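Chemist: So the protein sequences, as listed, match chains A, B and C. With our numbering, the residue at position 81 of the first sequence is 81, and numbering never jumps. If you want our numbering, it's the position in the second sequence, counting the first as 1, plus 131. If you want our numbering, it's the position in the third sequence, counting the first as 1, plus 467.
These are calculated hints, taken from the structure and not from any lab test. Don't take every hint at face value.
Said to hold, decoys possible - Straight line, CA to CA, 25 Å or less: simulated DSS-like cross-link-like pairs of lysine-lysine:
| hint | chain 1 | residue 1 | chain 2 | residue 2 |
| --- | --- | --- | --- | --- |
| 1 | A | K36 | C | K1111 |
| 2 | B | K444 | C | K492 |
| 3 | C | K484 | C | K498 |
| 4 | C | K498 | C | K972 |
| 5 | C | K1120 | C | K972 |
| 6 | C | K492 | C | K1274 |
Quantities reported herein were computed from a predicted structural model and do not represent experimental measurements.
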Amino acid sequence: MIASTRANLITLITAPTVWAVHFLVCYVAASVECAKAMADARVFTGGGWPDITTARIVIAVATVAALAAIAWSSRQAWRHWGDGDAEPPYDDATFDDRQQFLGFATVLLCGLSFIGVIFVALPAVFIGDCR
Amino acid sequence: MDSQGDKTIAARGRHWRILAVAAGALVLGGCSGVQSALDPAGFEAREVATLFWVMAIGAGVVWAIVMAIAVYATRIRPDPHEEKVGLRLILWGGVGFPTVVLAGLLVYGLGMMWTLREPGEGLRIDISGEQFWWRVTYRPQDGAAVASANEVRLPVGERVEFALTAPDVIHAFWIPSLGGKVDMIPGRENRLVLQAEKPGVYRGVCAEFCGASHALMAFDVVAMEKDAFEAWLKDQARPAAQASEQARGAELFLNNGCGACHAVSGTEAKGVVGPDLTRFGERPTVGAGLMPNTPDNVARFIRETDTLKPRAKMPAYGALKPDELQAIAGYLGSLK
Amino acid sequence: MTDAALASPQDDPELRKAQEARLEKVWETPKGFRYWSAVNNSEVGIWYTATALAFFLFAGVLGLLIRAQLAVPDNDFLSATFYNQVFTLHGTAMMFLFAIPIFEAVAILILPEMLGARDLPFPRLSAFGYWSFLLGGVFVCGSIFFNAAPDSGWFMYPPLSTDHKQTGIGADVWLLGLSFIEVASIAAAVELIVGTLKCRPPGMRINLMPLYAWYVLVVAGMILFAFPPLIAGDILFEMERMFGWPFFDPSKGGDPLLWQHLFWIFGHPEVYIIFLPAIALLAMIVPTFAQRPILGYSWIVLAAIGTGFLSFGLWVHHMFTTGLPSISLAFFSAASEAVAIPTGVQIFVFLATLLAGRVIYSVPMLYAVGALAIFVFGGLTGVMVALAPFDWQAHDSHFVVAHLHYTLIGGMFFPLIAGIYYYYPFVMDRRLSDRLGKIGFWLLFVGFNVTFLPMHITGLRGMPRRVFTYAEGLGFETLNLVSTVGAFVFAAGVLVVAWDILRPKSKEPYAPRNVWNAGTLEWLSENPGRDWGVRTVPIISTRYPIWQQPNFVRDYDEGRFYLPDAEEGKRETLITSVLDARPIQCLRVPSNTFITMGAAFLTGGAFIAATFYAWTLTIGFSIAALIAIVIWLWTGTAIIPEKKEKDVGLGLKLPLYVSGPDSVGWWAMFITMIGDMSAFASLIFGYFFYWTIHASAFPPAAGVGPGQFWPAVAMALVLASWGAMLLARRANAADSPGALRFWLAGSVVLAIGGGAALLWGPHATGLDPTSHVYPATVWIIAIWTAVHLGVGVIMTLYCLARSVGRKLTAEHDIDIHNVVLFWHFALITMAVTVAVLALFPLAVR
């Protein structure tokens, strides 16, 4: 995440990168907790499954952080976009249009990443153990 | 171009109708069967089948709308529409609608993942996928383990837990009528819980490619009423019946070394490499779901193992005389 | 702006004629056997496309064999073992030899002219990639004629495929043949990224880039992160097969699932690597036939980038039945649902553009709408299988066979055919037949649906995949017979299209210029085409210059933009800045040569020899390949121009030689190393994967392992070596060749010492890589890093030689900048290696 008054390819992919990091954190937290709870115990134990409380906390924190980061990126992109005033299609050969295009595309990617982060966080709401 | 275009439209219309009729016929006529996920006989399979039909109908509607827009925009009214219409289409068709529907589906699916993996209620059956057959061990909560092969019996109405392993390569355990599949992976033990709802005979298969005879690795599934199942399981502790008229077959069986790989309880045959044959006569099929269990088929299987089941570990006993094969087949058929 | 150039020298027709003659001569396609020495994008692109299509036909025949075998129950048309080779090779060839290469092929063919460039920045690299692809592909496909094809599925799951008794040489053919091709694919990705970022015409800011170029950028970026994990997996796999290192052997602590992770980390993005470039073709076709700019340009960029990212969060949906905890599966289920959003956006952008435009219906549009019908259906079944509970039933059944063919044939094959009908006049100067195109379409469309629609039901009725036969009486008979009939109808459609492409057309008239009245730069090309690619590198101020810039075509034809001439008889193109496409360099691109073909064949020879475990030959080929590559680099890169600057036209003077971050070579090195780091990250992932599945055996108790002393020594030496490289660069900048050579030599000595110390650690502590997965993992990571140090040493020695040969000087310093960049990454690799191997065990014990 690089604060920038100018939109560029890095600001463009900030939000999806945040999504990717959040995804990895969720997956690693849950998988490691379950794998460690069941490692070398690959004989049938019957009964219940180990729970994943720690992973759920990690996921909750990561989700809040990721959503905040995406919101921050979208606020910056909103400014690049001309505070939402600029009309598409941003196809002039000018700095402004380039800036507005990148800003708008970034806002869109922020929206998608926001939805993506929420989707990826949902499993931790509905699944509470390693079954 | 225009007259040709009209013809293509007409052809397209006809084509869609034919497709629709054909698809309808296939769907309606094609669901039943001993191995069909669309003819559920268990709780898991029924839940998934319902999910499938709901999603299939929804998908059909979405598909029809998208195609209707495409045909409208390209053929029916190819003239320009306002850009605003297009941008709204992107926003609501491309983002709004899918986000809501997908979120709903996801939540529904997550709930199902939770319920379908509830633990079992006591009976546990160990299944080991081998090239190319199934080792089955019943482990009732009270009572000794019972060895079997290529046939799984389970009581109706109970959540039965399967412990799935494999010693050689990856297999997958799948009884479409009862529920989804789970892989059997060397070095791991996976669990699957299934609950049969209708008594009957079903068919399971290996669903993960496991070598030359992957296609020939099936098994029979018998869902029984609970009482009948318990009685049957108790009866398994008894050694195999030894009918005196099958003495020659029993002797040939042992003399040809079959006992080195196969076990028949109460006899000298104690091999563990191949399927346990103690109750072979009760099983509906021979060769892991390959053929109906008739004396002729058993004899043929022993004689032509290598061609009937490429790369199976059992050698073909082509040198045995027909009457010897018949005697062995008769003996095996009598094991009940 | 060009109208203002009133008294331009280009007003003189005689001058223009002379310019054209010079350009013609410089870019002339070689004749006779020298034709095969061509490296220009138009020749290489055509070979690449043709070869990929040939592999498609081959793999298609294998598909027909599959359908013939499954036509009736208990069929004995093919034996079980041969059938297994057939379906393995069908999947392998379709994916690795057709679907991925055709993207690279088409991009190499059309991207430069779409960007108003005369060629991509590294034409010889493209040629190298092509010859590697050809050799590797023929090797892999040829194996089936010797009954030696891979036979354990295109996914090659161990332990079946690591078992020498069950899988013969076929598994090695798969691993080594395809690794070779993967390396070539990564090379193409580097080329295309640099091409898109740095070879755009002046004025083509990032918001004016053709959508195709956006997709190329995204897809090539995905290749950088998707292919290296598979290469890492291939390395582990071959170490197990050849030397018994038990990475996937559970009896020695390994786990077959690691391969599945690495394979699908590649395998799922790969689906989108195939799909996006084909959609990119539609993104060019749809505006042309709607006769208006795309509506929702930014939305397409969103969709391409969004899909690119999300596609990396899907891989475990191929592993939903492996028994992993529900919570792990659920993340991937969620991402698999989410990825449908950008995919949907893409489709609705096309629909919106069609709505807002005046649609001309044509053969490419016919295929585009057919693609839509099929792909949307496949996407919807994709949403279904993304739900894990449904997938537990559908997985590995014919339902999935149907689903994947709907997505790939609808998402890739139909758009590709649309693209072929659209771009054929651009590439081959003549049009394809509308009539044959339509006949072909209906055969393909009907045949496809008849084949694959019933398969959904076949699968849910319980028929698994990859079965060479099925029993009677289970209800599979009619469905399978219908599918087989459909497959042959589809094949008839392929034949019609193939005939249309191949039939002789020399008697037909040339297609008119810009036959579809398109708006993008590639349609400036004339029929018959000229070897120079573009007459002059234009100045761009709109997204569709032919439609939107006045007098554009005339100015272009009269050479009124940049580089209208080739005064020095050199091949040249413009390099511009990343975001705003400001001109920064006139790049001399290398010309025809056989050395790249030689280098590719020698490299291939090393891989093929390794397949047969012929180690002497492998080493011999490797050394020969290294020599060939050094000759190629020495003679063909960082060439010192005869003057500093050149007038590229319109009064603009540009340097001919730039180094560091301004140069394309530096970018190529940077991008390559990103790919390299993702392979390394995959190995590190392997280490931690083993850590999670073992309670205490990984890493083992204190006393077992490489220890801390030797890794620390290695780290110190490599740090010093890296420091010496920085000093060498500074010495060079200060124009002090003596100091430069001193520090280079010092760096070499220190790096060799560092590598030796790194390997000495596990050796001195007696780690036997065949005994358990822990020593094997330690060794493989140490070897990986040591090999990188070795490569760094070779590069440093190369700089030393360049300095001695007066080709590396204070003014001409491309080599040292690029090599220092490599060393930065080598240092990171080293630091991570030491942290993981030496420090992590201390932390967890």
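Chemist: State for each hint whether it applies.
Modeler: Status of the hints after comparison with the structure:
1. A C-alpha spacing of about 63 Å is found between A/K36 and C/K1111, which places the hinted pair above 25 Å, so the restraint is violated.
2. For the proposed pair B/K444 and C/K492, the alpha carbon gap of about 68 Å is over 25 Å, so the pair is violated.
3. About 23 Å separates the Cα atoms of C/K484 and C/K498, which keeps this hinted pair within 25 Å; it holds.
4. Between C/K498 and C/K972 the CA atoms are separated by roughly 21 Å; this keeps the pair inside 25 Å, and the hint holds.
5. At roughly 44 Å between alpha-carbon atoms, C/K1120 and C/K972 are farther apart than 25 Å, so this suggested pair is violated.
6. Restraint check for C/K492 and C/K1274: not satisfied, since their Cα atoms lie roughly 28 Å apart, outside the 25 Å limit.
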